[in-house]
Structures are given as structure tokens and as C-alpha cells.
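K.L.:
Sequence:
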Amino acid sequence: MTCAKCNHGFCWRCLKPWKPTHKDYYNCSAMVSKAARQEKKFQDYNERCTFHHQAKDFAMNLENKVSSVNEALPMKTLTFVIDASKTLAQARKVLAYSCVYSYYNQETEKMEVMEQQTEALDLHTNALQILLEETLLQSSDLASCVRLLKAPSLNTGLELHRRIHERLLAILQHSTQDFRVGFQSNTSDTSQSNVSNNTDSNNKSKASESGESDNNNAGGGEGGGEEGAEDDEYDEEYVPEWHEDYDEDDIDEDDFFSDDDESENLERDFSPFD
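Taking UniProt numbering, the leading residue of the sequence shown gets 1, the next gets one more, and so forth.
Simulated from the structure, these hints should not be mistaken for laboratory data. Among these hints, one or two may not hold up.
[What the hints assert, rightly or not] SDA-like, lysine to any residue: derived pairs with alpha carbons at most 20 Å apart: (1) K76 <-> S144; (2) K86 <-> S102; (3) K41 <-> Q129; (4) K76 <-> N155; (5) K56 <-> P17; (6) K150 <-> I82; (7) K65 <-> E47; (8) K76 <-> Q129; (9) K86 <-> M75; (10) K86 <-> E112; (11) K86 <-> E159.
[Unchecked claim] Just the calculated beta-carbon pair ranges, DEER-fashion: (12) S139 <-> K41: 18 to 28 Å; (13) R162 <-> D141: 25 to 35 Å; (14) W18 <-> Y104: 28 to 38 Å; (15) N70 <-> K93: 25 to 35 Å; (16) T79 <-> C11: 50 to 60 Å; (17) C14 <-> L148: 51 to 61 Å; (18) L148 <-> N61: 37 to 47 Å; (19) K5 <-> R162: 13 to 23 Å; (20) N61 <-> L172: 20 to 30 Å; (21) V100 <-> N7: 18 to 28 Å.
Using N, Cα and C, we set each Cβ at its ideal position, and we do this for glycine too.
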């Protein structure tokens, strides 16, 4: 590039002097920083978004002007102009926000499909706007321009109107599907985090309960020492002496009638069989 005032030659990419480092007119060896590329990308998308918002005003103003006409107009032509103006405004709005969507989206595969749809929509939208400008804005009398709208222009406008609606539906379906996938992934992540949080809280509550029970057991250990000893004594099964098993050899029949077993009420020589 050459300055018109001082004839200073500089590179349009790195803005440094052309001589002596630059030789090729289409390539610059200077490294462009990532921030500079992001700034250039933002400027491009911002200009496109601003252009579509400004172009939307044309369609809205045209609809208001046609709706405010008090003269009798052909119903078919009037309906087409109003519908075309609404569709044109909607297409401009979608194109403006598609610039924002494309700027922040990082998935190249999905953006290829999105860019194809937006390019086709932009092409048909510009064609419809040019058609309306050439047929309706040639004179200040808008009512006469609507009456003089020819059949070929009307048919072309209807075809463009149909194609714009097809592109709008395709873009809406693509963006809605992309948003639904992202929403489901976020929902699943949120549910998993909620489950993990509930599990952690349950574990903490169980740990606190076990800690309280341990403290209670430790606190009652001294007072309940005697009770614990008595419980140990009762744990062993008590067997009376008369339930103990005896061997037949150990039993002596004479022991039952031993002379040592004397009774105060009975005489020694007493016999019940006398």
C-alpha cells in the first residue's frame, strides 16, 4: 500500500514499511498474532451483522408503507408484497444472528452445513430485496407501483419467497438440533453431579452417625463395666447339678440305703415291710 499524501509504502497486513523486507505483493512473512486474527474476525462478523440489521429496516418500512395505503389494490399483489416484506425482515434477522452463531461456534463440520444454508439464504434474500426495490420504489406513488407489478416479477418473487422459507426452516432445524444436543449433555452432567453430591452427603451423614455411636459407646464404657461383666456371666449357659450326666458305673446302689443316711424321725431298725 502507498500513502496518497506522503507516498510512503507499507504492507497492508503488518503495517510495516515495505522496504527492504517485503518482496512479494501477496504474501507477508510477518507473523500475525492470534489476538489480531480474532480482532479481524470480530470486525468482519460485526459488519455483516450490522448490515443485516440495517437491511431489516427496509423491509419493515416497506410493509408499513404498503399497509398504510388507503387506495384499493389488487388483493393478490397486495398479499404478496406484505408477505414478502415480512419474510424479508425475518430472513435479515436470521442472517444477523447467524453471524453471532458462526462467530462463537468452534465445530467446523457443523459450521460447513450452517454456512451453506446461510449463503443460500443470503443469496435469495438479496434477490428478493432487489426485486422489490426495482418494482416498487421506482416512483413516489407506491399504490401505482403495486398496481403495475407485472406477472413475471410476481412469479419470480413468489419463487424467491418459497426458497427463503425453505432455507429458514433448514437453519432453524439445524440450530435447534444443535441446541438440544448441548442442552441434553448439560442436563446429564447436572444430573450426574447431583447424584454424586447426594452420594457424598449420604456418606457424610453415615460417617457422622457412626462417629456419634462410637462416642456414645466410649462414654458409657466406664459406667457400664459392671453390667458388661454380669452380661458375660449370663452368657454362659447355667446347668443345674441335677442335670449333670452321670456314668452308670459311678452310681452305687448301696448309696441309696447307706447307714450314714439317718433320719431323726425314724428309728434305725424301722422297716416299712414289717
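K.L.:
Each hint needs a verdict: does it hold in this structure or not?
P.N.:
Now for the hints, and whether the structure bears them out:
| no. | hint | result |
| --- | --- | --- |
| 1 | K76 <-> S144 | 15 Å, holds |
| 2 | K86 <-> S102 | 24 Å, violated |
| 3 | K41 <-> Q129 | 27 Å, violated |
| 4 | K76 <-> N155 | 11 Å, holds |
| 5 | K56 <-> P17 | 42 Å, violated |
| 6 | K150 <-> I82 | 16 Å, holds |
| 7 | K65 <-> E47 | 28 Å, violated |
| 8 | K76 <-> Q129 | 19 Å, holds |
| 9 | K86 <-> M75 | 17 Å, holds |
| 10 | K86 <-> E112 | 28 Å, violated |
| 11 | K86 <-> E159 | 15 Å, holds |
| 12 | S139 <-> K41: 18 to 28 Å | 43 Å, violated |
| 13 | R162 <-> D141: 25 to 35 Å | 29 Å, holds |
| 14 | W18 <-> Y104: 28 to 38 Å | 36 Å, holds |
| 15 | N70 <-> K93: 25 to 35 Å | 29 Å, holds |
| 16 | T79 <-> C11: 50 to 60 Å | 55 Å, holds |
| 17 | C14 <-> L148: 51 to 61 Å | 55 Å, holds |
| 18 | L148 <-> N61: 37 to 47 Å | 20 Å, violated |
| 19 | K5 <-> R162: 13 to 23 Å | 53 Å, violated |
| 20 | N61 <-> L172: 20 to 30 Å | 25 Å, holds |
| 21 | V100 <-> N7: 18 to 28 Å | 41 Å, violated |
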